[in-house]
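There are 2 protein chains.
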Amino acid sequence: MKKYSELTKEELQTLKKELEAKYKEFQSKDLKLNMARGKPCVEQLNLSMGMMDVLNGDSDLTCDDGTDCRNYGVLDGIKEAQELLADMMEVPPDQIIIYGNSSLNVMYDTIARSMTHGVMGSTPWAKLDKVKFLCPVPGYDRHFRITEYFGIEMINIPMTADGPDMDMVEELVANDDSIKGIWCVPKYSNPQGYSYSDLTVRRFARLKPAAKDFRIFWDNAYTIHHLYDDKQDNLVEILAECKRAGNPDLVYKFASTSKISFPGSGIAALASSHNNLDDIKAQLTVQTIGHDKVNQLRHVRFFKDIHGMVEHMRLHADILRPKFEAVIEILKRELGGLEIGTWTEPKGGYFISFDSLEGCAKDIVAKCKKAGVEMTGAGATYPYGKDPHDSNIRIAPSYPPLSDLITATELFALCVKLSSVNKLLSQMK
Amino acid sequence: MKKYSELTKEELQTLKKELEAKYKEFQSKDLKLNMARGKPCVEQLNLSMGMMDVLNGDSDLTCDDGTDCRNYGVLDGIKEAQELLADMMEVPPDQIIIYGNSSLNVMYDTIARSMTHGVMGSTPWAKLDKVKFLCPVPGYDRHFRITEYFGIEMINIPMTADGPDMDMVEELVANDDSIKGIWCVPKYSNPQGYSYSDLTVRRFARLKPAAKDFRIFWDNAYTIHHLYDDKQDNLVEILAECKRAGNPDLVYKFASTSKISFPGSGIAALASSHNNLDDIKAQLTVQTIGHDKVNQLRHVRFFKDIHGMVEHMRLHADILRPKFEAVIEILKRELGGLEIGTWTEPKGGYFISFDSLEGCAKDIVAKCKKAGVEMTGAGATYPYGKDPHDSNIRIAPSYPPLSDLITATELFALCVKLSSVNKLLSQMK
Chain E
0 MKKYSELTKE ELQTLKKELE AKYKEFQSKD LKLNMARGKP CVEQLNLSMG MMDVLNGDSD
60 LTCDDGTDCR NYGVLDGIKE AQELLADMME VPPDQIIIYG NSSLNVMYDT IARSMTHGVM
120 GSTPWAKLDK VKFLCPVPGY DRHFRITEYF GIEMINIPMT ADGPDMDMVE ELVANDDSIK
180 GIWCVPKYSN PQGYSYSDLT VRRFARLKPA AKDFRIFWDN AYTIHHLYDD KQDNLVEILA
240 ECKRAGNPDL VYKFASTSKI SFPGSGIAAL ASSHNNLDDI KAQLTVQTIG HDKVNQLRHV
300 RFFKDIHGMV EHMRLHADIL RPKFEAVIEI LKRELGGLEI GTWTEPKGGY FISFDSLEGC
360 AKDIVAKCKK AGVEMTGAGA TYPYGKDPHD SNIRIAPSYP PLSDLITATE LFALCVKLSS
420 VNKLLSQMK
Chain P
0 MKKYSELTKE ELQTLKKELE AKYKEFQSKD LKLNMARGKP CVEQLNLSMG MMDVLNGDSD
60 LTCDDGTDCR NYGVLDGIKE AQELLADMME VPPDQIIIYG NSSLNVMYDT IARSMTHGVM
120 GSTPWAKLDK VKFLCPVPGY DRHFRITEYF GIEMINIPMT ADGPDMDMVE ELVANDDSIK
180 GIWCVPKYSN PQGYSYSDLT VRRFARLKPA AKDFRIFWDN AYTIHHLYDD KQDNLVEILA
240 ECKRAGNPDL VYKFASTSKI SFPGSGIAAL ASSHNNLDDI KAQLTVQTIG HDKVNQLRHV
300 RFFKDIHGMV EHMRLHADIL RPKFEAVIEI LKRELGGLEI GTWTEPKGGY FISFDSLEGC
360 AKDIVAKCKK AGVEMTGAGA TYPYGKDPHD SNIRIAPSYP PLSDLITATE LFALCVKLSS
420 VNKLLSQMK
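Residue numbers (numbering that gives the first Met the number 0), protein chains in the order written: chain E, 0 to 428; chain P, 0 to 428.
These are computed hints drawn from the structure, not numbers from a lab.
Please note that the accuracy of each hint is not assured.
Where chains are identical, the list cannot tell them apart; a pair therefore holds if satisfied intra-copy or between any two copies.
Pairs of lysine to aspartate or glutamate residues, derived as DMTMM-like cross-links and limited to a Cα-Cα distance of at most 25 Å, are as follows [to be verified]: (1) K16 to D59; (2) K280 to E373; (3) K126 to D212; (4) K207 to D317; (5) K28 to E328; (6) K280 to D140; (7) K280 to E152; (8) K28 to D248.
Bound conformation, chain E alone (with noise of 0.2 Å):
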């Protein structure tokens, strides 16, 4: 195919009534399909019903260490849970605390608690004039929506294929003391499925930020969530990594089973130093009682260890693998060489991130939408909800089936192309 950019007037004319006519065709079907949230599909929900079986009326739900589970207290988790968490986000059993189902709720609480409590003993960020934090771009929606909630001021950093901008992020965290947080995605990011190189989270671990009580929000959501046995990213792990460089301190790392078991009733976790632990727990002993121990144990029962959590990630690997593969496949076929769009490979995670033209995202994600399509709203990926370009589109493709998938991202394109094409004529005029 020839580059759209190369095509005149005449051609470009031609062409956008093909599409139109190829548009019409998809919206006289009346699809209704989903490629706006990372959700995993039935099939993937199914690979976890036998967890509804481990525990049944006849069970002992008591721990190795004598608790009984169903009743109140152990406030970080139960210690089975703890390992099993700690193998999966590969830090100290002791350096770990278990929550309810939500990481995104460890968050913001994370947020919360500096707000107004400030962080080991610093200023609550509440009362500061400022407080700012540092975004990777395109990043995840959810995390954004947090620190906007909280009043605080978000600060894009780009994105490469190995991680932020990191001359960006040292220059800025070691210059400006309102700065008081990251948040990263580090392995197979949210959208682009990068992982953040070696020598970025070296970096990272290395900050020397102006505010002691700067924190990297280090959200390790697809740690295991590989879709290749023989691909897979590795990372370095931050916690070791942060102690070997003198700052034990600077960093919280989240992860939950969300994406593992089931996504409303997992069980969540956050790793990081004793210092910081010392200081969460002085809040949480307030906060609650405990969480659902009965659920913890229900993970332990069910994967046993880190090696069937692994097993059992190649199940779904099974299920997601195709559709990432049938993306890709399709974007390549219906838009490479057309120069008008860009998108990601990734080797794990949940999406995939598309780039358009410059202000054609918003104006694709509604052509979709038009024609039965529901896709993560343009603009989503950026703080505010502003792209500055207006470019980045982010494909979830795990939730339809094949088949639904297949349609949707062939309309996608067909959107893409017409946008595109309209683009280029709008700039003939």
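Place chain P on chain E using the hints.
Frame of chain E, contents of chain P only:
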């Protein structure tokens, strides 16, 4: 028995020797008993083991409205759970949010949100010079710890058998706009087991607080937690009463199934006006994608409806009633007529409240501990842990087996006598 105050010095000295001998006997028994917390006992936990069987690997985990409980979503809880807990809380099902496993966590979050974001548009409490809460005393230590943690000044309000001193409450809230809330356990109160009279509830609903963001924190923890079939306290429903009084937004009502199903793995709920719920959901949607719906469904499938839940509570009562009766019988037998202490005789809830002679509570609790019986710390039932009379002790009869409970209560009564004798003797010097 003769009143202790009428004993001569010699009689007291003789008595002291007898009591000390008995105390030594107890010490030699190497007891390790716990009457400190309102923890259900093993037999009570066993009542809900059937809950482990209602969902199994072959179950359809779909709600009536088609929601797959295993996946993400549904911020305010599945409809079936809203209905069940609405019936339990005596509110309309559209005026309820179902949360995770801890109503304490919901109360904490409610205060935390008010600190950073205010209440329905009011100034965030963290930005005010002074925020105060009214605390009926004796009361629940975990309530007080939340307000203390946020630096909220707590004002003691004396409890009566009809509820808090409403003259004082009305006067204070009408004239001080820094008073933003009051902690209430309106039914089978913690620790006295008192239930607010109809008039008290009506006066609450008709409060005219100077602060528009004043809220009643109505912790209805023991709403269906009766000890008897034929003697049950009944409460005027506060939400409806507030609506009738033209004060629909005045109250947050909290409850959970922690002492119905499993203490660590129940479901919690908040009921309030639509205005308040909208205010809360604007925050909740930033904090989480949703709570554990599988556990919500598990509760619904197990209890089926409010009738099932009420029948289940009769089984709890059958276990708890003999324990409450044993404690009260021993207190009557050992302390009746001595005028060295008074106690409550609740018809429900989890506690018996004991008041010793002034200045004896800490000593009694310490003596119990030295002989192997852990009580709730003296002072815990007051804000800042400071009982101005050092006389209130909370007795929690639920956890120990009946035979242990009898031993523990006998020791407790002995410690009360010994401490009282010492006090009376010291006054004679």
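Cross-check of the supplied hints:
For the homomeric pair K16 and D59, neither the shortest alpha-carbon distance inside one copy (68 Å) nor that between copies (48 Å) is at most 25 Å. Taking the closest pair of Cα atoms, K280 and E373 come within 25 Å of each other only across two copies (24 Å); inside a single copy the shortest separation is 41 Å, beyond that limit. Taking the shortest alpha-carbon separations for K126 and D212, both the intra-copy value of 14 Å and the inter-copy value of 21 Å come in at or below 25 Å. Within a single copy, K207 and D317 get their C-alpha atoms no closer than 42 Å, and across copies no closer than 62 Å, so neither meets the 25 Å cut-off.
Proximity of K28 and E328 under a CA criterion of 25 Å is satisfied intra-copy only: 23 Å inside one chain copy versus 77 Å between copies. Taking the closest pair of Cα atoms, K280 and D140 come within 25 Å of each other only across two copies (18 Å); inside a single copy the shortest separation is 28 Å, beyond that limit. In this homomeric assembly, K280 and E152 come within 25 Å of each other (Cα to Cα) only across copies, at 23 Å, whereas the closest approach inside a single copy is 27 Å. With identical chains, the CA atoms of K28 and D248 are never at most 25 Å apart, being 55 Å at best within one copy and 48 Å at best between copies.
Hints 1, 4, 8 from the list above are not met by this structure, while the remaining hints are.
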